[in-house]
Amino acid sequence: FKGSPLFGDKEAGWDFKVRGRLQYDFAYVSNPSNGVATNELGFSNELRRGRIGVEGTTPGSFAYKFEADFAGNEVELADAYFQWKGKVAAISFGQHNNFQSLEELTSSRFISFMERAAFTDAFAFERRIGVSATLTQGDFKLDAGVFTDDISSVGGGNNSYSLDARAVFAPEIAGGQLHFGASAHHRELNDISGGIRYRQRPQVHSTGIRFVATPTLPTSTETSYGVEAAGIFGPFHLAGEAHWMEQGIDLPGATDPSYFGGYAEVGYFFTGESRGYKGGTFDRTKVKNPVNKGGMGAFQGIARVDYLDLNDSDAGVLGGKQTAYQLGLTWIPVDYVRFLLNYSRLELKDAAIAINGDRDYGVDVVGMRAQIDF
Amino acid sequence: FKGSPLFGDKEAGWDFKVRGRLQYDFAYVSNPSNGVATNELGFSNELRRGRIGVEGTTPGSFAYKFEADFAGNEVELADAYFQWKGKVAAISFGQHNNFQSLEELTSSRFISFMERAAFTDAFAFERRIGVSATLTQGDFKLDAGVFTDDISSVGGGNNSYSLDARAVFAPEIAGGQLHFGASAHHRELNDISGGIRYRQRPQVHSTGIRFVATPTLPTSTETSYGVEAAGIFGPFHLAGEAHWMEQGIDLPGATDPSYFGGYAEVGYFFTGESRGYKGGTFDRTKVKNPVNKGGMGAFQGIARVDYLDLNDSDAGVLGGKQTAYQLGLTWIPVDYVRFLLNYSRLELKDAAIAINGDRDYGVDVVGMRAQIDF
Amino acid sequence: FKGSPLFGDKEAGWDFKVRGRLQYDFAYVSNPSNGVATNELGFSNELRRGRIGVEGTTPGSFAYKFEADFAGNEVELADAYFQWKGKVAAISFGQHNNFQSLEELTSSRFISFMERAAFTDAFAFERRIGVSATLTQGDFKLDAGVFTDDISSVGGGNNSYSLDARAVFAPEIAGGQLHFGASAHHRELNDISGGIRYRQRPQVHSTGIRFVATPTLPTSTETSYGVEAAGIFGPFHLAGEAHWMEQGIDLPGATDPSYFGGYAEVGYFFTGESRGYKGGTFDRTKVKNPVNKGGMGAFQGIARVDYLDLNDSDAGVLGGKQTAYQLGLTWIPVDYVRFLLNYSRLELKDAAIAINGDRDYGVDVVGMRAQIDF
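Residue numbers (our numbering), protein chains in the order written: chain A, 1 to 374; chain B, 375 to 748; chain C, 749 to 1122.
To be clear, the hints were calculated from the coordinates, so they are not data collected in a lab.
The beta carbon of each residue, even a glycine, is placed where N, CA and C say it ideally should be.
It is possible that part of the hints are untrue.
Which chain A residues face chain C? A few, computed with CB under 7 Å, are given here [claimed, not checked]:
#1 PHE16
#2 PHE62
#3 THR148
Lysine-lysine pairs mimicking DSSO-like chemistry, simulated, CA-CA at most 30 Å apart [what the hints assert, rightly or not]:
#4 B:LYS662 with C:LYS1036
#5 B:LYS384 with A:LYS10
#6 C:LYS1097 with C:LYS1036
#7 B:LYS376 with C:LYS835
#8 A:LYS286 with B:LYS459
#9 B:LYS461 with A:LYS2
#10 B:LYS515 with A:LYS293
#11 A:LYS10 with B:LYS376
#12 B:LYS384 with C:LYS750
#13 A:LYS2 with B:LYS376
#14 A:LYS85 with C:LYS889
#15 B:LYS461 with A:LYS293
#16 B:LYS667 with C:LYS889
#17 B:LYS667 with A:LYS293
#18 A:LYS2 with C:LYS758
#19 B:LYS662 with C:LYS1034
#20 A:LYS288 with B:LYS461
#21 B:LYS667 with C:LYS835
#22 C:LYS758 with A:LYS10
#23 A:LYS141 with C:LYS1041
#24 C:LYS1041 with A:LYS85
#25 A:LYS10 with C:LYS889
#26 B:LYS376 with C:LYS833
#27 A:LYS2 with C:LYS750
#28 A:LYS87 with C:LYS833
Sequences and hints are given; from them, build the entire structure.
So this is what it looks like as structure tokens:
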């Protein structure tokens, strides 16, 4: 049992497991000076993710992962790929993540806060259909692939494609796990009617409001770069990233705007656990004294500063800057259940939503998540 | 095997099962005096429910149930919750039923007729996201919770919530199983654009017609009360409920209308089985002589009077009254397969659909269901 | 393990298996003389099928199969039925294929090319809700059923129904497997607003273009007949079909148009395998030297001529004729993984899309598929 039973015939190369997760969110977002006429502020809640799927291997070193999300009573396929997995190299076919950011690549089951760092959504990182190769050698891991678009968007009329790569160096030094990573991405768009805009929610997803948002601009390319660093030392962990996005505007004489996002966080397990890490991303934390053994589970405190800058005055884009000061308390009663309590203070500058004519203000956000996975 | 294999590691607290059901309905609804110009009458059919999901437990007394319905080639999540289950108390997180009516809480796999009593749909009972507690002590069971809305409807712009509670006393007396229940519900709505209407189909679901229906009215609250009684005595069972709904109208000077629904039924297994009952609802019937053992399966006859009153002349609402006289024959060849044959005579008064100017008339309804679950 | 674990309790009659498939397609369709102003030509790709489901049996000789397709992030139920399976006869309830064409009835996991012969889609063969009986006696198999419509289309307002039957004689002669089949279909439509048209994509599905297409005509009946023949002789196989469709036009004085489609193909396993066959359709091929045993898997070459005639000059319909000359190379590294490479030269006459005023021209199509099933 790994959440659900793992069936296998190791000799022959078979294994199989059903997998899934439920994440329920409850949130409160303040309405500064009650100045925004919307019902998207105040209380909100949702099924954030409701996934079910399968994973397995077949003889000949093939493996697959196929998972659907039914949140909102809609279908959105998540991982839906298969791969050939050699000792050093693997080749993947289908929809999978295209190698942007430690936060983005870490499963939502294991991230530090309810929502990932603001830049990951703002820059629209997502899984796309593609073919990629992974090389693993000691502490080094290299991913590179070519991708088209996500399963909803592909089809005869959409010929966008991207090249994506990420390199990770993850040595264990003096009992600690270090992580250094860098990624680069370039996307060529074609026939994207309506253009692209970058925007972000206020650290919770159940509301639809975005205090920061660029206008929608006709876009022919996207180029982004990211650097990552993290470390796990016993109950402590540190993590930080920086990511730059350049939007190639498809207008004569236009200046291409650049945007930036990043974060730095520190976490500590009061109950002595150590954050899980595996294959270039954070992984499941093993609880030392779970409630089924008479313990109280694991308690972790996390602090993060998360920054997103959607302004580029040279290019005439004023999407706003959002700085979030965040505190999180996570309770993991058993390995497969988590409860998250998050507080964020958002400081906004040049926000996309003006309050009594003012675009610089603060917002308070409280969120809770109840999560099980299997 | 319980329909499908149940995997478990009792020692550690794990178990896991895939679950699902298929219900195919075929129906004929008469067109009184051929007076209704619609193609919704006459023959109709549908996949009534096509569900697949999982359930399981993890160490630490956590349990989950997560099931999606794909009927109509659309996704609608049914139960999607997890809970902590102590000896006496349980706490549930996520989308689950909010404690209204024995009929509503009994699984569609085990209900007496193809459709539940008219008031359950008319009053829009459904699963919603919430947090609830269950206390079980001997023959007593108490459920209480606070709910927001269903998975489709929640989000930043919907701040409705409800308080729901139900108490059940289910003693075994002289070899019979008795059931007494009462429930109360109060819901505060907010930003429900378009208001609420109450209406109901003619005891089959494959047609979209509703002979009874209130107008849509701006609504700020819903308050309802229900009482339940049932008994199982060998091959016999009896069941009856009454439910009152008060609609709080959000208009100055408006009188709040009240509606009522209820039913009484009696069933008998010709083949000697006894209707299943467990935890405050009807449950699976165990077939005495299933076809795989050379028997003919279980045959059950059921008669029901089902009544729905959507009139409130004080409040100026004339939604109509529907009385259904129903006969059902159920064949259960093996525990997990059921075939239902239903006949209903509907007597309508003040119906929402006039036939040659007449709003009082009768309708004949024949329905069949073929069902498997696992 | 049969792709995924098969759980069973043979004694009692239980078994259960999760099942699924992923098919990713990449295609290039030439734009003749660059004469079509569309972005549907050139490169396209998609998740062709992304299915997950279950199948099982219960005591009493009941069996079920329930599978959903999530390609395009939409739900489309595929097989969703249960049946009673005796030694000679079986009765099926629910959505299943209605007995048209060897190609249509062969699973997409085992078909020769990426797309089935043009007539199968053009004539809109699909799974529909129905009740059918199957008789199997030695080398003979007879299917007959009555069907309504597919799960999306049924409902009160749709009263179409069809009668469908197919007979197969499949003797083994001198070490070879022969297959002879014939099918007949008649459908009565009712309230199909908008009428019916017949059309087809250019042998790949990721583009939405159709070079051949009839106009949409008000239709009251569809009647079709098909004949099938196939043979498997060691590494060789042959297959051919012919299918006639008559559209009953619901207009006074209209002549009912007839359409025709068919194909002939020959395939050869360079690596010595023999194409699988079972129960009246092609089945999984067992790889002789799979990659997990140090082999190179199975390689199969296939050639096909596929013809579709949507013209009926007597009836005044000029939908076009499409002849496809096709070459396919299939690599099956292990039993459950396939890679397909297809080339098709389409010769069009009276095409629905004119190029510089010309309706007779050729199109080149290259397609690739990566597939895993379990």
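Hints numbered earlier in the text: which of these fail when held up against the supplied structure?
Result: hints 4, 6, 14, 17, 19, 25, 28 break, sorted rising.
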